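Given only the sequences and the hints, what does the whole structure look like? Please build it.
According to the numbering used here, the stretch in the sequence shown is residues 11 to 439, in order.
Keep in mind that the hints were calculated from the coordinates and are not lab data. Some hints here could point you the wrong way.
Straight-line Cα separation of at most 30 Å, DSSO-like style, residue types lysine-lysine; simulated pairs [to be verified]:
#1 K402 <-> K305
#2 K231 <-> K378
#3 K381 <-> K429
Label-pair ranges, simulated between beta-carbon atoms [to be verified]:
#4 R430 <-> R214: 41 to 47 Å
#5 W117 <-> G302: 48 to 54 Å
#6 V103 <-> V331: 44 to 50 Å
#7 I355 <-> Y400: 17 to 23 Å
#8 K429 <-> F32: 38 to 44 Å
#9 F319 <-> W117: 41 to 47 Å
#10 Y189 <-> T321: 40 to 46 Å
#11 V103 <-> K402: 46 to 52 Å
Note that this is a predicted model, so its numbers are computed, not measured. Backbone N, C-alpha and C fix where the C-beta goes; we use that ideal spot for every residue, glycine too.
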Amino acid sequence: MILRNSALLAFFSILSVILGIFRDRLLSVYVGVGPMLDVYNASFRLPDLIYGMFLAFITAGTVVPFLTRENKDGKLIESEKRFTSLLFFFSVVMVTLIIIVMLTIQWYAKLLVPGFSPEQLTEFIFSTRILMFQPLILGVSSLIACFAQLKNEFIYYGVAPLGYSLGIISGIIFFYHDYGVNGIIFGVLIGALVSLFIQSLSLRAHNFSIKRHNVSFHYVKELIMFAFPRSFTNVVSQLRVVFFTAVATTLGGGVLSSFLFAQRITDAIAQIISQSITTASLPILSREHEEGRIKEHEALVHKYTRVLFLTAIAICIVVYVLRYEIIDVLYGATPASNLIATFLIGFLVALPFSMVSSYLAIGFYSMKDTKRVLLGNVSATILSVAICLYFKNDGIIALIYATISYYIISSCLYGIMYKRARFLKNSLK
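Here it is as structure tokens:
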């Protein structure tokens, strides 16, 4: 079941990666690796931070176990009521935060992008305000995707990101010439809406309806108690990204965009391989733990962490050898090729540990153990930020060392804690 669904998701991930490559190629050619592209990339930081605050309430790692409640006959119960309560809670709180951020961003924008010029800062504020609607749209889409995954339906889940990428591509092609960076931002919102529409089609076959009388604050409270540690984990992750973004803006025009272009290459690899396997594994792992099959749960975690690590090493070797050719194909003959290649080496070193870290985290979430993930993430983030500050006088090397150290530390901590958790379970038997 896991391998079949993983293969399906991998297929759609490959299509999504192809569109992502085309999107980034257009960004490199139309916008260029420089100050304006830095503005576009930096504009996602605050919306992503807000999205990260609630990602624990809308992502499969938390929502699927929350919705997976069975009666004595093994049938799912109360899933629709739990889903409706969660959707209501998320929408109300997110709209409130969007309004607050849009009204106050001008007071602290400079802290987020200290290296931006006054012109860049003005563009950054306006673009960020527009993008603040994205977390709400993508959040609702993610909730619907969680319900679909609970039913083991992955078609619309796989297709939806394609609509998102197509929206951004349309913004680059049709709106950038007349409206600049803001035209691309409008394309982002169009893509988010298309993604939501596609994902909502997955509800048609389940006689699903959202009714106000299904809203229960009891379920909301239950989810808050369950998801809060993971929510804090996501906030820490986004704060780390915000910090790295701020550092990158002080290193010169184009450094932030080069950093992100390099990251997207390894993100594409992770999306095809790691994300497909972790997404398909979660419902299975959750059921194994819910039904007390601990040894089977441990065997799956051990098997797929090893598969991911070894696969990542093999791919990284190939990408390293062909790194300049890959960059030329993806982004064209940009003057930033050497800078992108330098960052890419760092991300390649980190990739195997990143894949292991993500799967171990899913293993913890399937056991409803969010505290260990929080501990590992916070510890790795603090140490990576400290390393970045220690090497700050070495320029881009600081970002590279910080990125590598975060994933190595987090994967090692998760591995130690997972073995410790298994030892404690066995000792209690």
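Against the structure, the hints come out as follows:
Annotation: proposed proximity of K402 to K305 is violated, straight-line Cα distance about 46 Å (limit 30 Å). With a C-alpha separation of about 16 Å, the suggested pairing of K231 with K378 holds against the 30 Å cut-off. Of the supplied pair hints, the one linking K381 and K429 holds, its CA atoms being roughly 15 Å apart against a limit of 30 Å. Between R430 and R214 the beta carbons are some 45 Å apart, a value that agrees with the proposed interval 41 to 47 Å.
Look at W117 against G302: about 52 Å separates their beta carbons, and that is inside 48 to 54 Å. Checked against the hint of 44 to 50 Å, the C-beta distance between V103 and V331 comes to roughly 48 Å, which is consistent with it. About 20 Å separates the C-beta atoms of I355 and Y400, a value consistent with the hinted range of 17 to 23 Å. One distance hint, 38 to 44 Å for the beta-carbon pair K429 and F32, holds here, with the actual separation near 43 Å.
Checking the proposed 41 to 47 Å range against F319 and W117 shows it holds: the Cβ atoms sit about 45 Å from each other. Against the hinted window of 40 to 46 Å, the Cβ-Cβ separation of Y189 and T321 comes to about 42 Å, which satisfies the hint. For V103 and K402, the hinted distance range of 46 to 52 Å is not satisfied, since their beta carbons lie about 36 Å from each other.
Violated hints, in rising order: 1 and 11; the structure is consistent with all others.
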